[in-house]
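I would like the entire structure built from these sequences, with the hints used as guidance.
Residue numbers (our numbering), protein chains in the order written: chain A, 1 to 311; chain B, 1 to 432; chain C, 1 to 218.
Any given hint might turn out to be false.
As the list claims (entries may be wrong) - Just some of the chain A residues that point at chain B, by a computed CB distance under 7 angstroms:
(1) L87
(2) A108
(3) R113
(4) G128
(5) H130
(6) S194
(7) A196
(8) G197
If you're looking for bench data, these hints aren't it; they were derived computationally from the structure.
Note that the structure is predicted; figures quoted are calculated from it, not measured.
Where a beta carbon is used, it is the ideal one built from N, C-alpha and C, also for glycine.
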Amino acid sequence: MKHLLSIDDLGPEGIEAILDLSESFSEVTQREIPKVPALRGKTVVSLFYEDSTRTRISFETAAKRLSADTMSFTISSSSVKKGESLLDTVQTIEAMGIDAIVVRHHAAGAPHRIAQWTDASVINAGDGRHEHPTQALLDCFTLRRHRGPSLAGSRIAIVGDIRHSRVARSNVKAFAALGAEVTLVAPPTLLPESLAGWPASVSYDLDAVLPDVDVVYLLRIQRERAEASRFPSLREYTARYGLTVERAARLKPDVLVMHPGPMNRGVEIAAEVADGPASLVREQVANGVAVRMAVLYSLLGSSSAYPRAAG
Amino acid sequence: MTELLIRGGTVLDETGERRADVRVADGRVTEVAPGLSPGAGATVLDAEGCVVAPGLVDIQVHFREPGREDAETIETGARGAALGGFTAVVAMPNTTPPFDDPAVVRSVLEAGQRAMCEVNVAGCITLGRAGVELAPMGELYELGVRVFTDDGDCVPTAAVMRRALEYARALPGAVISQHAEDPSLVAGGHMHEGEWSSRLGIPGRPAEAESIIVARDLELVRLTGGRYHVLHMSTARATELIRQAKAEGLRVTAEASPQHFSLTDEACASFDPVFKMNPPLRGDADVAAITAGLVDGTIDAIATDHAPHVPEAKAQPFEEAPPGMLGVETALAVTLTKLVEPGLLTMHEALALLSWRPARIAGLDARHGRPVAPGEPANLCVIDPAEQWVPDGERMASRSRNTPFAGMKLTGRTRHTVLRGEPVVVHGEARR
Amino acid sequence: MAAPGANPTSEFPTPPDGGILFVQRARVLSADDLRRAHTRIAHEIVERNHGAEGLVLVGLYTRGVAVARRLAADIARFEGVEVPVGVLDVAFYRDDIGRRSVQPLGPTEIPVDITDRIVVLVDDVLYTGRTVRAALEAINELGRPQAVQLAVLVDRGHRELPIRADYVGKNLPTKASEDVRVRLEETDAGFEDSIEVWGPPDAVAIPPTTPPGPEVGA
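Shown next as C-alpha cells:
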C-alpha cells in the first residue's frame, strides 16, 4: 500500500492488519522511552490547510516516536487566496526530499490529487466532508479493545451531522467492514442526499434506536448548520438528538460512548456523559498515536523492491 | 481568388446526400457534381472516404477574451474550433468586461474577423450579468447580436426574465438563452447531487435546480410569447418539460453538450476537476434522457460549452477548481463515437444537431448550415468518419488543457475546414 | 537423501527466494538432542553467572521465546529459582526496514526492570547477527543492564557483524543457500522438536547428524 486516502484502500483485512500492528505500537507508546528507530532517516511532512492542532500533533508525535523527521506546514486560507495552487505547494514540499505527506484539507479529494503529483506516500488526515481514515482506524482500535477481537454483531449508532462529516463516511465503512451493524441517526437535513452504497440503516428517532445499541458514536454539531436552516436551533437539536443525562440513563449498562472530538458539551453530548464511565473519548485520543504509528510504519516501513533479506 | 476543389467525397447537407466534388471560388460554392477536374492553379482537397458538409456551428463557447487571455483568446479558440470542423461559434458574454457594452462587443467582433472561424457574440441579458437591470439589448442587436444570455449565471428572478423575454420580442430573430440552474439550490455545490456526491462528500447541485428554472421560464414564455433557448440542458426532467412545451407550440429550443451525453458523475470519483462543470455531469438516467432528447428532436443542437481554464486553475482540489471543459476540438468525434457509431443517430441527424439547426437558433443561417450548392457561402467541413484518434490536451490548439476526453478512443475527425472559401484546416492541420 | 523423522517433508512448497523446491538434507538435532542442548545451556548460564539471581531471559520472537521459557524451566528445576522471562520484538529496530516488509511479531513484554540485571538474549538460530544487533538496540532503550549475554540453539555462521554467542547448542556450518529449520512444539503445531538443514536438491548433502558436542561459544 502506497497511500492511505480512504478506508476503501484497506478493506477488512487491511484494517485488521493495521489494528494488529497498532497493538505493537501501543506497547511502544507505554514505554519509558516511547520511541523506536523504525523510520530513522524518513521525513514526514504535515500539510494542513485547516487548523487542527489535535490531529497534527497526533501525527507528528507518531512520526517522532518512529524516529522519523517531521516538518509542518500550516497553510492559512489567506495564503491560498494569494494564488499558489495545490500543485505548486506540493512540488515545493517535494523538492525538500520527503517520504510522506500527511494532508488535512477543507476540500474533498485534495489528498487524492496530491497523490497523483508526488512520489511520497500520502496520508489523508481529513479531506472536506469526504474521509478521515485514521480517525476510523483509531475508533476501531479503541472499540476492538473493549468489544474485540471482532466487532461482528456490534450495534453502533452514529448520531449527528452525517451529511457534512468525513468521520461518518470513514467510520461507516470501517465499522461495517469489521462486521458491525451501523445505524445513522439524524434529522433528514443532516443525512446525505443519497445513501445508496452506504452499509448502514437510517433512523430519524434517537430514542427508538438507543435501547438496542452497544455503542453510541456522537458527531460534533456545528452552530452554522443551524444558521443554514439544517435544523431550527441547537436547543431543539439537543432535545431530539443530544445524548442527554436522561437518555444516557436509559442505555444498556455496558454501552460505550464515543466522540471524535472536539465535543460540544451540552449540545450533542451532556458533560456528565462525556466524562462518565461509558465514555471512551480520552482513550480514542490516546490510541490515535499508536494507530498513526501503525499507518506510517505500514506505508514507509516496507518496500517490495527488496523482496528478501537475510536474518 | 484561387479555386478550391474538394474531390472524392460524399456531400451531405440538409437536402440529402450525394457523391459529388465541390468547386469553390471567391468564397462561394460554384459547382457541385461528380468527376470535376481542377482548373489551373486550383487547390485540391482530398475528400476520399469523407463527408463534405456545411461547416459546424457551436452556439456556446467561452473564448475568455477580453479578460482571461491566458486561458484562451479569440485567435486560439477559433483555431481549435476550425480544427473541430466549426465555421461559426457564438462566444458567451462572461468575459471581463462582459458583453453588455457595444464597444466591447464591437472589439470582439473585429478580432473575430481575423480568426479561423466566424466568431459571433452572445450579449448579456442584464448589466454585468448581475440579474437586475437589462443590458442594452437593442444596441447589441444592431451590431448583429441575436443570442442574449447571462451564461455562467442563471437569470435568477422571474421578473427580470419576464422583462427580457418581453423586450426581445421587438428584436426579430433574437433569443433569450438561459443557464438553467436555480442559484439558491446550487449554492456551494460542485457536482451532481446524488449517490456519488454523497459518497465523495462533495456538495451537490441537484437536477431539480435545472428543471425548476426551465419550468418557471416556460411559464414566462407562455406569458410573454418570447423566444427561449435552454443552454447545455442536462436533466431528464428539463428535457421532458421542453418536449411538452414544443408539443404545445411554444417557441423554445434546447441544446446539449457532448459531455452531458457521454460522461457521468461517476467520473468525479477521481476528484479530478477536469470533470467539473456547471451544470454538472449527471447520472446514467439523465444521460439516457439527454440522448433520447437528441434522438427524438426535443433537443435541437449540440453545443460544446467550450470553457478553457489554465492548468494552474485546475491543479486544485475539485471543490476549488473552476467549472468548465474544453470542447470544440472533440465535439464532432464524441458525437460520432457515442451517437452515430452505435446507430442512435444517422450522420445526417448528427450534422443537423451540429450545423444547420444551431445556425438557425443563433440567427447564423444566412451564412452557415447552408446546403452545399452553387451560390452558397463556402463555409464547409470535410469529415473523415473512420479516423480513429485519442484526444490529448497537450496537443490541442487551445491555450488550456482541460479536456475531459483525454485518452478516450474516438472515431471520426475533421480533415479539412473551409471558411469563406479559404481552406483554414487541411489534413487536420491549421493553416494559420 | 531425506532424513528420518515424523515431520512433514514439504513444509514450504516453494522456498521464499525462488522457484526451487527445497528438500531436507539432514536432521541435525532430534528432540532428545534439543532437550540435552538447552539443558546444557541452562547449566552454563547459571555456572557463568554464579547462580540465577539477577538474571532475565529475553526471548526474541518467535522461537527464541519458546527457548527462553525452556531455559527458565530448566533453571527452576535444578536451581529452584524462577528467572523472569521477557519477550522482545526487534522488528522496529531492524536495519532492513524499507528494504523488505518487516512486520512486528508481537508486543514486547519485559516483566521486570532490566537496569543492573544480567540480560540473556535467547534466539533459535544465530546467522548474520543483524537480529541480535537490533535486539541490543531495543534492550538499550528499555534500560541499562549490567551485562547482556546471548544464547542460541544453533550458530550457523555467515556473520555480517562483530557479534558472537555466549552459549551455543550446536555450531553448524552451512551454506548461505541453505535454510536451517527449527521446529519447536510450542511454536510449530504438528511438529516434534527438531533442527534440520534444507536446501536445493542438487547441492551436496552435509554430513549426517553428530551428537551435540561441548563446543561452547565462549
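Status of the hints after comparison with the structure:
1. At its closest, the beta carbon of A:L87 sits 4 angstroms from a beta carbon of chain B; the interface hint therefore holds under the 7 angstroms criterion.
2. For A:A108, the suggested interface contact is upheld, since its CB lies about 4 angstroms from the closest CB of chain B, less than 7 angstroms.
3. Residue-level restraint check for A:R113 holds (minimum Cβ-Cβ distance to chain B is 6 angstroms; threshold 7 angstroms).
4. Among the interface hints, the one on A:G128 holds; its C-beta lies about 5 angstroms from the nearest C-beta in chain B, closer than the 7 angstroms criterion.
5. The criterion of a C-beta within 7 angstroms of any C-beta in chain B is met by A:H130, whose closest approach is roughly 4 angstroms, and the hint holds.
6. A cut of 7 angstroms between beta carbons decides the hint on A:S194: the least distance to chain B is about 4 angstroms, and the hint holds.
7. For A:A196, the interface hint holds, since its Cβ comes within 7 angstroms of a Cβ in chain B; the closest pair sits about 4 angstroms apart.
8. The restraint placing A:G197 at the interface with chain B holds, with a minimum CB-CB distance near 6 angstroms, inside the 7 angstroms limit.
When each numbered hint is compared with the structure, no violation occurs for any of them.
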